[in-house]
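Here's the letter readout for the chains.
There are 2 protein chains.
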Amino acid sequence: MELYAAMTTTPTTRFYRPDPVPSEVLHRILDAARHAPSGGNRQGWRVVVVTDAALRRKLRDLYLPPWREYVERLVARAGGRRSRSLERSDEFAEHLHDVPVHLVVCVDVGALTITDDELGRPSIVGGASIYPFVQNILLGCRNEGLGAAITTMLCRREPEVKDLLAIPPEYAMACLLAVGYADEDRRPSKISRRDVSEIAFRDTFDGGPFEA
Amino acid sequence: MELYAAMTTTPTTRFYRPDPVPSEVLHRILDAARHAPSGGNRQGWRVVVVTDAALRRKLRDLYLPPWREYVERLVARAGGRRSRSLERSDEFAEHLHDVPVHLVVCVDVGALTITDDELGRPSIVGGASIYPFVQNILLGCRNEGLGAAITTMLCRREPEVKDLLAIPPEYAMACLLAVGYADEDRRPSKISRRDVSEIAFRDTFDGGPFEA
Numbered sequence: 339m340e341l342y343a344a345m346t347t348t349p350t351t352r353f354y355r356p357d358p359v360p361s362e363v364l365h366r367i368l369d370a371a372r373h374a375p376s377g378g379n380r381q382g383w384r385v386v387v388v389t390d391a392a393l394r395r396k397l398r399d400l401y402l403p404p405w406r407e408y409v410e411r412l413v414a415r416a417g418g419r420r421s422r423s424l425e426r427s428d429e430f431a432e433h434l435h436d437v438p439v440h441l442v443v444c445v446d447v448g449a450l451t452i453t454d455d456e457l458g459r460p461s462i463v464g465g466a467s468i469y470p471f472v473q474n475i476l477l478g479c480r481n482e483g484l485g486a487a488i489t490t491m492l493c494r495r496e497p498e499v500k501d502l503l504a505i506p507p508e509y510a511m512a513c514l515l516a517v518g519y520a521d522e523d524r525r526p527s528k529i530s531r532r533d534v535s536e537i538a539f540r541d542t543f544d545g546g547p548f549e550a
Numbered sequence: 339m340e341l342y343a344a345m346t347t348t349p350t351t352r353f354y355r356p357d358p359v360p361s362e363v364l365h366r367i368l369d370a371a372r373h374a375p376s377g378g379n380r381q382g383w384r385v386v387v388v389t390d391a392a393l394r395r396k397l398r399d400l401y402l403p404p405w406r407e408y409v410e411r412l413v414a415r416a417g418g419r420r421s422r423s424l425e426r427s428d429e430f431a432e433h434l435h436d437v438p439v440h441l442v443v444c445v446d447v448g449a450l451t452i453t454d455d456e457l458g459r460p461s462i463v464g465g466a467s468i469y470p471f472v473q474n475i476l477l478g479c480r481n482e483g484l485g486a487a488i489t490t491m492l493c494r495r496e497p498e499v500k501d502l503l504a505i506p507p508e509y510a511m512a513c514l515l516a517v518g519y520a521d522e523d524r525r526p527s528k529i530s531r532r533d534v535s536e537i538a539f540r541d542t543f544d545g546g547p548f549e550a
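Sequence order for the protein chains is R and S. Per the working numbering, the first sequence starts with residue 339, numbered consecutively. Per the working numbering, the second sequence starts with residue 339, numbered consecutively.
In short, the hints are calculated from the structure, not lab data. One or more of the hints may lead you astray.
Note that the list lumps identical chains together, so a pair holds whenever it fits in one copy or between two copies.
[As the list claims (entries may be wrong)] Once the Cα atoms are required to be at most 20 Å apart in a straight line, the calculated EDC-like pairs of lysine to aspartate or glutamate come out as:
id, residue 1, residue 2
1, K396, D533
2, K396, D436
3, K528, D501
4, K396, D523
5, K396, E429
6, K528, E407
7, K500, D399
8, K500, E536
9, K500, E456
Given only the sequences and the hints, what does the whole structure look like? Please build it.
Structure, rendered in structure tokens:
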């Protein structure tokens, strides 16, 4: 696919067909994705490609409690209302084990240079060495006709996930990527995002919208 | 460009021509990049497009002290040796103000759901809502024939950068992207990365290399 066509048509897929994904296809995606940048080119990324059904069910079982806690908080904050999008995400969570591939993406914490740990706000910069790689995988899935969804909810159960998948102590879990062929009947119709005029500014944050 | 061709040929560009970058080109990149995923689709990303020469010089001046500290630590750790790649990055740092465009990428901290803040390790998950967008920008630059470099070093001077660019308190600085046309004579010849067999494993981390 052409790059911008891929970028602008990669939704979060919530509903999947059970069909398995050929290893060659996953390999091709990873083989392109590994060219992402990382701090000092240390490439701390590792991917556990989980297709075993028992493991996927255990991952789903670990996923549900933190997911449900998150939903409760969101619903309470919305005065008891459950949005359509939340209902869809909830159905995704309940059926996570049915998605044929779980990519558990990890990163070697020792490979990260964290430059924002003394600013009195949550640190995010470690993510600069892993989520560009993750975005490459998401775009690669689109290129191969696969749907995918990124979720970081399972990080709340990182110790249990590391035990389950024999992930060494020095690695952090960055996300779970659900990957499979989308259920075409329940494919999201459009990707809703803010316009450039709302997100980009000229020279300073208060310098007015950046225009073409 | 075809997606995998773009992904596998996007190096970190250290040397730039001074030529300005047309606004239409930057706008086109951002217009594709904004389709990235983010937690709850909250799209906390904002970009300050800095082309003003005085501001770029001030950003370079803020960049140099933390960069030099980092280099000192690296060189000490390597027993006094300065690698070729470090020399190149050092030259990049000294000439940062000459790169025609600085994209200062910020994110609304309130838009982040941080699920890895109680694990006794550095948190990275906030980055999942901003660095996919950043990777889209890097690939978009490649698509437009532009070179680019991501650096998080300037986050060490976040308060000063926020003052300089009038960035509101609730935003964190995620990175600076240097963007411009590459100096073709000093273009990196290849992108060196680990093979898939070294980074992907089957079902568990100790399950052996993931093969096609």
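For each hint, the structure was consulted:
no.	hint	result
1	K396 / D533	neither (40 Å within a copy, 29 Å between copies)
2	K396 / D436	within (12 Å within a copy, 53 Å between copies)
3	K528 / D501	neither (38 Å within a copy, 38 Å between copies)
4	K396 / D523	neither (28 Å within a copy, 53 Å between copies)
5	K396 / E429	within (17 Å within a copy, 50 Å between copies)
6	K528 / E407	neither (28 Å within a copy, 47 Å between copies)
7	K500 / D399	within (14 Å within a copy, 43 Å between copies)
8	K500 / E536	between (40 Å within a copy, 19 Å between copies)
9	K500 / E456	between (28 Å within a copy, 15 Å between copies)
The earlier numbered hints that this structure contradicts are 1, 3, 4 and 6.
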